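> Chain by chain, the residues run as shown.
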Amino acid sequence: MAVAAAASRAPARVRARDRVRSIPAPLAALLLACTILCVAWTVTTAPLQGPDEHNHVGYVQHLAETGNGPTFGATGETGDTWSSEQKELQRWEGLFGLIGLADARPGWNPAEEQRFADYEDHLPAGARSDGSGPNPVAQNPPLYYAYETIPYWATRWADLPARLLAMRLANLPLYLLLVTAAWLAAGEVFRRRRRMAQTIAAGSVALLPQLGFMSGVVNPDFLLATIWALFTWVALVAIRVGPRPLPLLGLGGLAAASALTHGRGLAIVGPLAVALAIAFWRHRPWDRRVLAWLGGLGALFAAGLVVAFAYSGAHGGGSSLGGEVGSTTGAGSLKGFVSYLWQFYFPGLRTMSPQGPDYGYRQVFVEGLGGTFGSLEIQYPLWVYDVLQLAAALGIAALLACVVRRWEAVKARWPQVVAVLSIPACMLALLHLASYRDLQGPPYDPLITGRYLLPLLTTMGLAIGFVCSSLPRRWGALLGTLVLTTFGVLSLCGLGLTVVRFYA
Amino acid sequence: MRRLADPRLALPAISALAFVIVLLAWGLPWLTDDRTATTATPTPPAFQTITPVVLRPGAQACQSLVAFEPATRTATVLSAEHVTDGPPLRITARAGDWRASGDVDGGYGGYAQLQAQLAPPPGDALGEVCVRNVGDRRVALQGSTEPRVQTRSATVVDGRPVEPRMTLVLGQGAHRSLADRPGQILDRVAAFKPPIVGRASLALLALVVVLGVPTAVVLAVARGIAADD
Numbered sequence: 001m002a003v004a005a006a007a008s009r010a011p012a013r014v015r016a017r018d019r020v021r022s023i024p025a026p027l028a029a030l031l032l033a034c035t036i037l038c039v040a041w042t043v044t045t046a047p048l049q050g051p052d053e054h055n056h057v058g059y060v061q062h063l064a065e066t067g068n069g070p071t072f073g074a075t076g077e078t079g080d081t082w083s084s085e086q087k088e089l090q091r092w093e094g095l096f097g098l099i100g101l102a103d104a105r106p107g108w109n110p111a112e113e114q115r116f117a118d119y120e121d122h123l124p125a126g127a128r129s130d131g132s133g134p135n136p137v138a139q140n141p142p143l144y145y146a147y148e149t150i151p152y153w154a155t156r157w158a159d160l161p162a163r164l165l166a167m168r169l170a171n172l173p174l175y176l177l178l179v180t181a182a183w184l185a186a187g188e189v190f191r192r193r194r195r196m197a198q199t200i201a202a203g204s205v206a207l208l209p210q211l212g213f214m215s216g217v218v219n220p221d222f223l224l225a226t227i228w229a230l231f232t233w234v235a236l237v238a239i240r241v242g243p244r245p246l247p248l249l250g251l252g253g254l255a256a257a258s259a260l261t262h263g264r265g266l267a268i269v270g271p272l273a274v275a276l277a278i279a280f281w282r283h284r285p286w287d288r289r290v291l292a293w294l295g296g297l298g299a300l301f302a303a304g305l306v307v308a309f310a311y312s313g314a315h316g317g318g319s320s321l322g323g324e325v326g327s328t329t330g331a332g333s334l335k336g337f338v339s340y341l342w343q344f345y346f347p348g349l350r351t352m353s354p355q356g357p358d359y360g361y362r363q364v365f366v367e368g369l370g371g372t373f374g375s376l377e378i379q380y381p382l383w384v385y386d387v388l389q390l391a392a393a394l395g396i397a398a399l400l401a402c403v404v405r406r407w408e409a410v411k412a413r414w415p416q417v418v419a420v421l422s423i424p425a426c427m428l429a430l431l432h433l434a435s436y437r438d439l440q441g442p443p444y445d446p447l448i449t450g451r452y453l454l455p456l457l458t459t460m461g462l463a464i465g466f467v468c469s470s471l472p473r474r475w476g477a478l479l480g481t482l483v484l485t486t487f488g489v490l491s492l493c494g495l496g497l498t499v500v501r502f503y504a
Numbered sequence: 001m002r003r004l005a006d007p008r009l010a011l012p013a014i015s016a017l018a019f020v021i022v023l024l025a026w027g028l029p030w031l032t033d034d035r036t037a038t039t040a041t042p043t044p045p046a047f048q049t050i051t052p053v054v055l056r057p058g059a060q061a062c063q064s065l066v067a068f069e070p071a072t073r074t075a076t077v078l079s080a081e082h083v084t085d086g087p088p089l090r091i092t093a094r095a096g097d098w099r100a101s102g103d104v105d106g107g108y109g110g111y112a113q114l115q116a117q118l119a120p121p122p123g124d125a126l127g128e129v130c131v132r133n134v135g136d137r138r139v140a141l142q143g144s145t146e147p148r149v150q151t152r153s154a155t156v157v158d159g160r161p162v163e164p165r166m167t168l169v170l171g172q173g174a175h176r177s178l179a180d181r182p183g184q185i186l187d188r189v190a191a192f193k194p195p196i197v198g199r200a201s202l203a204l205l206a207l208v209v210v211l212g213v214p215t216a217v218v219l220a221v222a223r224g225i226a227a228d229d
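These protein sequence lines map, in sequence, to chains A and B.
To convert, note that position 76 of the first sequence is 76 in our numbering; the numbers rise steadily by one, no gaps.
To convert, note that position 97 of the second sequence is 97 in our numbering; the numbers rise steadily by one, no gaps.
Note that these hints are calculated values from the structure, not bench results.
Please note: incorrect hints may appear among the correct ones.
To be verified - With the C-beta cut set under 10 Å, the calculated list includes, among others, these residues of chain B facing chain A:
no.: 1; residue: 45
no.: 2; residue: 62
no.: 3; residue: 65
This structure is a prediction, so every number in the text was calculated from the model and none was measured.
In this text, a Cβ means the ideal position worked out from N, Cα and C, and glycines have one as well.
Just need the whole structure built from these sequences, with the hints factored in.
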């Protein structure tokens, strides 16, 4: 028996080794970089200092401890936004006053650590489960938080800082999945200089400093980005192979997962409809079985929507599913929306009245995606963003020029192009509409930040890959090298800035 | 020279060179530039709105549960008024048997940083810092009622708790670079983390980051971009 078991284990080991070896070398290198960056960001970003991380962690803990998420509004119970245990950590490590305050430092004194350790040693009953709300992120659907309860439970025997570390590290599998999906999506799109285009597309996603940073904090935006990257790949597969069971169920499952992760995830309805329309249009006529699989997709998505809305309804109080979708301020007008949109991307014209604060393309696309760390207080020197903005403008111009130059090739692949373009179009439409509505009344918050664009990274990677593979061979390779190197360099610098901000 | 023109070598070389140049041009100053060396921020400055803590002549504001370490040499509070002749202050720190005090000379200008030198404590400890107005005019020190600045260190004026927390920052009294104190920085990163995160593992991680990320990028360029060229 033992010999037979050993014999069966040996081929399994060989298979696993073969599978690892079958990973293309450039992808393996990128995944290695992601692993290092994720661990580095996890360790260097002070606890609870990611965007809204203190609230997201409060949500995870309450869900893990009680099986139920916190509520958005006051509950009438004796609970609070965070559990007593989390508040005690914030108290002794000085974490609440640290959020966004560049002059503040976390507690690092052994005497403070000892006080918190003493508290953990005599943890009062219910100290982990009394963070029932009001929690400002409680209306978020529960998928990411449910996922985070796994590392929480796996380390439940340990103190809260250890659990926080485990929760952050749980983003690593998502990070690897996201980059692999970008690689596979590029493989679906590019025929010309495929390996190079895949490397550049996946590399520009993997090494983007903002994504690396977000892999090191607890935040559902990271799962949303992963789901959208996988969706992009599966949609491209569905368009190539037609409405087959696996791609259809995959699309349905990913769309449901998107709705179950965040209110912004509902924007996936648009790309889903576009991908299905193209896949079905290209592979007509359909038989009954295909329609049955479509029904399966619909059922999966509908189930996700029902659960997401039911959960948010039960926990969101007066707030709806995701603040972005449920903005309750003034509706505005079409003219006002056009004016807002113009001023977001371009300098305002004299005839236009200001729409909210001076906040737009530069802050969201350049600074937000280029990298602002911590709770937005850690930034590169301004000249870095100036250079990135100039590079982005040149990149967009190059993209347009490449589209014109290779119009026949682009036209021949219109299904893939339309499917990929529908992804940023739908997400940006939702974000801009919500932002505009929010600017019509107090607190006049433009609402969009750079991390909201993470679901669009695969599209960005594909665009960079397209430009590089369209340029003359050597120039394209050089440009791709520069993009990956720049992002890698910026990631290291971002880590350095974070160390100084928290620990110098 | 011909080999250098080969993209299979040139592109990874360009990438590697860029990393080396940035590590030298940005990384070296990052390591060696002197920065304000803070040891604790019992109450950080206000985020948006300053609420003054007013001390009449002879009055004293104290903060408890302040963390001291052997490197602590200064205590800094901030003036909240645009004055030209602020009164002198005496800042006293105590924890257990240790006690130290330092003076802030009068005559300072508005919104100034008011720093007193302290004899260092013998070890890490939690204690109290008090600021006494030893002049003959009132003084307004910066404080805040913002919820996020409501730290564990409550402010008490002449024995009575007041709503604003008085801004208080402790420092080493000198500008120091990261290269001067790598052990201290690593210890700070390791604080409030599980035992696996310590000086050794963090030093190893730093090495892996500095070498591993560039190597991985260069490898991706070599095997994915240059090889396909």
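> Report holds or violated for the interface hint on residue 65 of chain B, using the least CB-CB distance to chain A and a cut-off of 10 Å.
Check passed: Cβ of residue 65 of chain B comes within 8 Å of chain A, closer than 10 Å.
> Is the shortest C-beta separation between residue 45 of chain B and chain A less than 10 Å?
Result: holds, 5 Å to nearest chain A Cβ.
> Holds or violated: is there a CB of chain A closer than 10 Å to the CB of residue 62 of chain B?
violated, 18 Å
Hint compliance for this structure: hint 2 is the single one not met.
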